[in-house]
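Asks: Residue strings, one per chain:
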Amino acid sequence: MRITCPFCGERELGEFTYLGDAKPQRPVADAGEEAVYDYVYLRDNVAGVMAENWYHGGGCRAWLKVTRNTLTHEISSVEPAAGAGAAKVGA
Amino acid sequence: MATNQTNRLSSGGVIDRSTPLNFRFDGKSFSGFQGDTLASALVANGVKLVGRSFKYHRPRGILTAGSEEPNALVELRTGARREANTKATTAELYDGLEAASQNRWPSLRHDFMSVNQLFAPIFVAGFYYKTFMWPAKFWEMIYEPAIRRAAGLGRAAVAPDPDHYDKAWAHCDVVIAGSGPAGLAAALAAGRSGARVILCEEDFVPGGCLLSDDGTIDGLPAAEWLARTLAELSSMPDVRIMTRTTLFGVYDGGTYGAIERVNDHLPTPPEHQVRQRLWRIVAKRCVVAAGAIERPIVFAGNDTPGVMMASAMRTYVSRYAATPAKRIALFTNNEDGWRTVETALAAGLQIAAVIDARPDVSPAHRSLASKNGFAVLHGSVSGVDGGKDGVRKISVSLTGGARAEVEADGLAVSGGWNPAVGLTSYHRGRPKWRDEISAFVPDGAPPGMVAAGAANGDFGLGACLSQGFAAGAAAARDAGRNGNAGTAPVADDETFSLTPLWHVAGKGKAFVDQQHDVTASDIELAQREGFESVEHLKRYTTLGMATDQGKTSNVGGLAIMAAVTGKSIPETGTTIYRPPYVPVAIGAFAGHHRDETFHATRLTPSHHWAAEQGAIFVDTGLWKRAQWFPRAGEKDWLESVTREVKAVRGGVGFCDVSTLGKIDVHGPDAGAFLDRVYINTFSNLAVGKARYGLMLREDGLVYDDGTTSRLAEDHYFLTTTTAKAGLVMQHLEFCRQVLFPELDVQLTSVSDQWAQFSIAGPKTRDLLKEIVDPVEDLSNEGFPFMGAREVALRGGITARLFRISFSGEMAFEISVPARYGEAMARNLMQAGKQFGVTPYGTEALGVMRIEKGHVAGPELSGTTTATDLGLGKMMSTKKDFIGRVMAGREALVAPDRQVVVGIKPVDKARRLRSGAHIIPKGQTPGPDNDQGYVTSVCFSPTLDQWIGLGLVERGRERIGEIVHAHDPLRGEDYDVELCNPVFYDPDGGRQRG
Ligand SMILES: [Zn+2]
Numbered sequence: 098m099r100i101t102c103p104f105c106g107e108r109e110l111g112e113f114t115y116l117g118d119a120k121p122q123r124p125v126a127d128a129g130e131e132a133v134y135d136y137v138y139l140r141d142n143v144a145g146v147m148a149e150n151w152y153h154g155g156g157c158r159a160w161l162k163v164t165r166n167t168l169t170h171e172i173s174s175v176e177p178a179a180g181a182g183a184a185k186v187g188a
Numbered sequence: 002m003a004t005n006q007t008n009r010l011s012s013g014g015v016i017d018r019s020t021p022l023n024f025r026f027d028g029k030s031f032s033g034f035q036g037d038t039l040a041s042a043l044v045a046n047g048v049k050l051v052g053r054s055f056k057y058h059r060p061r062g063i064l065t066a067g068s069e070e071p072n073a074l075v076e077l078r079t080g081a082r083r084e085a086n087t088k089a090t091t092a093e094l095y096d097g098l099e100a101a102s103q104n105r106w107p108s109l110r111h112d113f114m115s116v117n118q119l120f121a122p123i124f125v126a127g128f129y130y131k132t133f134m135w136p137a138k139f140w141e142m143i144y145e146p147a148i149r150r151a152a153g154l155g156r157a158a159v160a161p162d163p164d165h166y167d168k169a170w171a172h173c174d175v176v177i178a179g180s181g182p183a184g185l186a187a188a189l190a191a192g193r194s195g196a197r198v199i200l201c202e203e204d205f206v207p208g209g210c211l212l213s214d215d216g217t218i219d220g221l222p223a224a225e226w227l228a229r230t231l232a233e234l235s236s237m238p239d240v241r242i243m244t245r246t247t248l249f250g251v252y253d254g255g256t257y258g259a260i261e262r263v264n265d266h267l268p269t270p271p272e273h274q275v276r277q278r279l280w281r282i283v284a285k286r287c288v289v290a291a292g293a294i295e296r297p298i299v300f301a302g303n304d305t306p307g308v309m310m311a312s313a314m315r316t317y318v319s320r321y322a323a324t325p326a327k328r329i330a331l332f333t334n335n336e337d338g339w340r341t342v343e344t345a346l347a348a349g350l351q352i353a354a355v356i357d358a359r360p361d362v363s364p365a366h367r368s369l370a371s372k373n374g375f376a377v378l379h380g381s382v383s384g385v386d387g388g389k390d391g392v393r394k395i396s397v398s399l400t401g402g403a404r405a406e407v408e409a410d411g412l413a414v415s416g417g418w419n420p421a422v423g424l425t426s427y428h429r430g431r432p433k434w435r436d437e438i439s440a441f442v443p444d445g446a447p448p449g450m451v452a453a454g455a456a457n458g459d460f461g462l463g464a465c466l467s468q469g470f471a472a473g474a475a476a477a478r479d480a481g482r483n484g485n486a487g488t489a490p491v492a493d494d495e496t497f498s499l500t501p502l503w504h505v506a507g508k509g510k511a512f513v514d515q516q517h518d519v520t521a522s523d524i525e526l527a528q529r530e531g532f533e534s535v536e537h538l539k540r541y542t543t544l545g546m547a548t549d550q551g552k553t554s555n556v557g558g559l560a561i562m563a564a565v566t567g568k569s570i571p572e573t574g575t576t577i578y579r580p581p582y583v584p585v586a587i588g589a590f591a592g593h594h595r596d597e598t599f600h601a602t603r604l605t606p607s608h609h610w611a612a613e614q615g616a617i618f619v620d621t622g623l624w625k626r627a628q629w630f631p632r633a634g635e636k637d638w639l640e641s642v643t644r645e646v647k648a649v650r651g652g653v654g655f656c657d658v659s660t661l662g663k664i665d666v667h668g669p670d671a672g673a674f675l676d677r678v679y680i681n682t683f684s685n686l687a688v689g690k691a692r693y694g695l696m697l698r699e700d701g702l703v704y705d706d707g708t709t710s711r712l713a714e715d716h717y718f719l720t721t722t723t724a725k726a727g728l729v730m731q732h733l734e735f736c737r738q739v740l741f742p743e744l745d746v747q748l749t750s751v752s753d754q755w756a757q758f759s760i761a762g763p764k765t766r767d768l769l770k771e772i773v774d775p776v777e778d779l780s781n782e783g784f785p786f787m788g789a790r791e792v793a794l795r796g797g798i799t800a801r802l803f804r805i806s807f808s809g810e811m812a813f814e815i816s817v818p819a820r821y822g823e824a825m826a827r828n829l830m831q832a833g834k835q836f837g838v839t840p841y842g843t844e845a846l847g848v849m850r851i852e853k854g855h856v857a858g859p860e861l862s863g864t865t866t867a868t869d870l871g872l873g874k875m876m877s878t879k880k881d882f883i884g885r886v887m888a889g890r891e892a893l894v895a896p897d898r899q900v901v902v903g904i905k906p907v908d909k910a911r912r913l914r915s916g917a918h919i920i921p922k923g924q925t926p927g928p929d930n931d932q933g934y935v936t937s938v939c940f941s942p943t944l945d946q947w948i949g950l951g952l953v954e955r956g957r958e959r960i961g962e963i964v965h966a967h968d969p970l971r972g973e974d975y976d977v978e979l980c981n982p983v984f985y986d987p988d989g990g991r992q993r994g
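Line order of the protein sequences matches chains P and F. Its first residue numbered 98, the first sequence is counted upward by one per residue in the numbering used here. Its first residue numbered 2, the second sequence is counted upward by one per residue in the numbering used here.
By construction, these hints were calculated from the structure, which means they are not laboratory data. Do not take every clue at face value.
[Said to hold, decoys possible] Derived DSS-like pairs: lysine-lysine, alpha-carbon spacing no greater than 30 Å straight-line:
no. : chain 1 : residue 1 : chain 2 : residue 2
1   : F       : 690       : F       : 880
2   : F       : 880       : P       : 162
3   : P       : 162       : F       : 508
4   : F       : 880       : P       : 120
5   : F       : 389       : F       : 372
6   : P       : 162       : P       : 120
7   : P       : 120       : F       : 636
8   : F       : 168       : F       : 285
9   : F       : 327       : F       : 168
10  : F       : 647       : F       : 770
[What the hints assert, rightly or not] Per the computed footprint, the stretches of chain P lying under chain F, defined by three or more beta-carbons under 8 Å from a beta-carbon of chain F, are:
no. : stretch
11  : 129-138
12  : 148-157
13  : 176-182
Glycine residues also receive a C-beta, built at the ideal position from the N, C-alpha and C atoms.
Full structure from sequences and hints, please.
Replies: Here is the structure:
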């Protein structure tokens with residue numbers, strides 16, 4: 098598998114680390130235990146297109162949101178995480 | 002001396018007769034020529050018997066001339082380089098080659114285990130599952146050893162492989178599998194279009210079937226066209242022809258696996274060269290021109306040496322000028338088989354008869370038969386009379402019911418052709434059935450891949466050339482190369498006519514899968530017992546599961562299953578195709594990742610100095626760390642470590658701690674960021690101060706710890722444990738980029754940039770004064786406990802100095818740019834001589850941290866909470882942080898959790914062992930009353946006894962309680978006392994002094 102890093106270009110799978118589903122959002126501080134439990138443990142088991150967090154540890158160290166079909170491994174988009182790169186969000 | 006090549010024609014062949022090669026097979030000397038395979042050289046020497054079969058130990062010869070060979074497997078080379086199950090048909094001959102037949106004892110001609118044939122009924126399909134079921138204890142004692150001796154293939158080498166294997170990447174526009182007419186035409190078109198092309202050919206000579214079959218291309222004889230084409234391709238700088246290279250797999254994203262047998266054609270690889278190289282080829286497009294495999298017809302005795310695929314016989318005669326037989330019969334169901342008759346006649350061999358299963362034979366072939374005086378029999382071969390010396394007589398069932406016999410010493414068989422659908426099917430593709438050729442052809446392919454020519458089911462020479470050319474031109478275009486491809490090479494297509502025939506009923510064993518000894522009746526038995534699905538058929542009979550992966554047997558097996566179930570072949574279906582296409586040595590996948598280069602090695606900045614000191618090193622992840630520094634006269638590690646600890650506690654010592662992960666955290670929001678990732682607060686840390694921090698995982702369990710210092714308002718210097726250095730960096734980047742992108746903070750890994758030393762002991766300040774510029778105030782007031790700031794060193798270097806202590810002594814850690822690390826170690830030794838400075842290793846470091854009750858890896862086990870570690874009070878209640886909410890879950894705050902406590906044996910002379918279980922005193926050990934275990938132990942020179950830390954249920958409430966240590970692994974049981982984990986200087990006066 099090859100992933101096109103928006104910063105480094107097309108690179109081989111071995112440079113990246115997989116984390117998992119990019120959909121769950123970290124709950125706000127007072128969201129309560131149920132919401133955090135859901136965030137930490139509950140995952141969809143998607144057969145098809147899903148957004149995933151990948152880390153380009155063998156390259157620029159950017160976290161990437163990779164949209165991938167889990168059935169075919171086809172990658173339809175790779176976007177940098179909101180805070181990837183040098184500039185902070187909104188700066 | 003080598004025997005004569007009795008079966009070598011006096012002229013012809015793609016061999017170099019000026020380069021004779023001597024070789025040995027089963028200890029006997031033979032000779033061949035450069036350009037031979039081991040199989041062709043054996044054919045040239047009249048050797049027909051080359052092995053014994055897997056289950057029945059039947060005599061076997063050479064069936065094919067390629068990588069699909071099921072029978073002619075040998076042990077190639079000897080000693081540590083012995084390679085089992087090597088196909089003689091692809092093993093390139095070299096001078097001094099040694100090979101041995103397999104699966105026979107005591108010798109190939111007199112094989113004791115051939116009595117297995119008499120017990121054949123017990124070796125039928127599923128025999129492992131049925132025969133050896135009962136009684137159970139017989140399995141280990143009798144059945145398994147007996148089966149292992151009786152059934153099997155070659156023997157692997159026992160000694161480590163002395164050769165090197167390499168792994169490499171290649172990138173191109175178009176990769177092509179196969180250099181037959183379709184592959185060469187594809188390479189021509191793609192190369193002329195300007196594409197970067199890699200053409201992989203598993204043979205050692207490019208050309209494919211053009212090396213064996215005649216024909217006319219662009220008005221030239223095939224051999225001339227081949228030479229012209231290879232010359233044109235080699236003139237193209239961006240076309241690379243890789244011979245001895247099999248494209249064996251296709252992976253996601255246009256990545257292809259190929260194995261290059263770089264030096265398998267030499268007795269040993271030349272110095273500094275590898276035996277094989279594993280290629281990962283990244284290509285925008287792939288053209289599969291892997292050709293087709295001629296398929297056998299299953300009939301009784303079809304495994305007799307001397308029965309050979311018709312195309313293979315043609316290859317031996319025309320490419321190698323070696324004659325497998327003098328008087329040849331052909332059994333065919335198609336037109337192509339007759340080409341072997343033409344080749345044999347042209348070479349002066351005799352044709353005994355042609356047995357053709359089709360209703361009609363062309364007038365041209367009839368007149369060929371009458372001109373050359375051989376019969377054309379309409380019917381099929383029903384039996385073979387022969388044995389280890391080869392074929393003697395062939396029984397024929399004539400159409401209409403009569404029988405005939407043919408005397409011959411060789412039988413060529415052609416049952417039609419199966420396109421090589423492996424590569425195109427490796428992404429779970431299912432090939433589709435094409436009736437005109439009675440074969441499966443690719444039905445689509447992985448993205449970017451297309452099959453052309455025979456691999457696509459189009460067998461004519463003209464079709465191969467035009468399809469290959471079109472595929473190559475299209476692939477180049479798709480890859481953005483639009484040069485002028487010129488015109489496609491032109492040739493006529495041979496006529497194709499085939500009457501499907503898979504199995505001829507008859508008396509005696511008729512083999513479908515010759516390598517695994519699966520017969521037609523095994524398949525019928527599987528059907529009777531309900532194993533009709535092809536996946537069940539495969540596993541029950543082991544059809545197609547041998548090293549050849551059923552290249553000559555799978556389709557035939559399906560056809561027989563289809564016949565007995567009354568279904569069509571496409572209804573019966575195929576099993577899943579999986580790479581690799583040919584066996585690939587594990588050594589090639591490992592490459593250089595073996596022995597000391599199994600993984601990268603990281604050396605600490607002071608490594609070479611430590612080695613000079615005679616340090617004993619320990620592997621810590623990728624690092625080599627000095628474990629202790631033995632001195633002359635010390636009898637064991639314990640004596641050295643005890644000396645090092647005493648030297649530190651009584652004077653001064655230093656230790657390289659550069660392996661800690663180090664991260665610079667910059668930015669106006671650096672403090673706010675650290676507040677979110679640590680359980681304690683860092684935004685309120687004063688500039689010039691350090692603080693111990695603890696991180697949780699989001700699930701509430703402890704992740705990592707370390708000291709983080711504030712060097713400036715917007716600059717923190719964070720350290721991690723050695724083990725988690727990379728992972729914490731990844732985690733913090735996740736927090737920064739994904740969770741908290743609104744924070745203005747940057748992380749820089751500086752683990753490799755700083756060499757860091759811990760200097761500890763009451764004389765630390767004396768030693769530091771020799772190193773640090775005298776303007777720096779190192780007094781307790783000027784540099785108090787947990788102080789952290791940059792200081793100038795004598796000589797002008799700027800260092801980072803931290804007054805932190807892991808040992809419990811008055812201590813500093815000093816960081817200098819990594820390139821000064823070794824000089825720093827030498828400097829500390831030199832300057833510290835007057836104070837008796839002692840370098841210490843990780844063992845003494847560990848002893849002192851246990852004496853001081855600091856937690857480390859064994860306690861940060863991924864199952865402990867901050868409270869378990871005695872650090873619960875650090876958890877801020879005034880802010881959110883990673884893991885906060887989950888850390889509050891019921892089970893994680895339960896009062897009966899196992900928590901860190903000190904442990905010491907009641908008998909002071911006793912050695913404590915980590916891993917021992919803690920059981921209440923007076924109870925019988927068992928899972929119900931297991932209350933925890935010993936995590937870390939050491940011999941404490943300070944207390945003069947073994948001590949340890951452990952995780953024990955309600956441990957902190959039970960200080961002073963005597964409990965039982967149960968160590969079933971070592972068979973030890975003894976009493977221990979639970980105690981304060983801080984064994985040494987509990988009020989911390991020494992480190993603050
Ligand atoms: Zn990148």
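Asks: Evaluate each hint against the coordinates.
Replies: Here is how each hint holds up against the structure:
With a C-alpha separation of about 21 Å, the suggested pairing of residue 690 of chain F with residue 880 of chain F holds against the 30 Å cut-off. The hinted pair formed by residue 880 of chain F and residue 162 of chain P meets the criterion: a straight-line CA distance of about 28 Å does not exceed 30 Å. The hinted pair formed by residue 162 of chain P and residue 508 of chain F fails the criterion: a straight-line CA distance of about 65 Å is larger than 30 Å. Straight-line distance between C-alpha atoms of residue 880 of chain F and residue 120 of chain P comes to about 25 Å, which keeps the hinted pair within the 30 Å bound.
Under the criterion of a C-alpha separation no larger than 30 Å, the hint pairing residue 389 of chain F with residue 372 of chain F is inconsistent with the structure, at around 33 Å. Note on residue 162 of chain P and residue 120 of chain P: the hinted pairing holds, with a Cα-Cα distance of about 10 Å set against a maximum of 30 Å. For a cut-off of 30 Å, the pair hint linking residue 120 of chain P to residue 636 of chain F is broken: about 60 Å separates their Cα positions. Our distance criterion of 30 Å between C-alpha atoms is met by residue 168 of chain F and residue 285 of chain F, whose separation comes to about 21 Å.
A C-alpha spacing of about 46 Å is found between residue 327 of chain F and residue 168 of chain F, which places the hinted pair above 30 Å, so the restraint is violated. With a C-alpha separation of about 22 Å, the suggested pairing of residue 647 of chain F with residue 770 of chain F holds against the 30 Å cut-off. A stretch counts as covered by a chain when three or more of its residues have a beta carbon under 8 Å from one of that chain; for the stretch 129-138 of chain P and chain F the count is 7, and the coverage holds. Using a Cβ-Cβ cut-off of 8 Å, 3 residues of the stretch 148-157 of chain P lie near chain F, which meets the minimum of three, so the contact claim holds.
Here the stretch 176-182 of chain P counts 5 residues with a CB under 8 Å from a CB of chain F, which clears the bar of 3, and the coverage holds.
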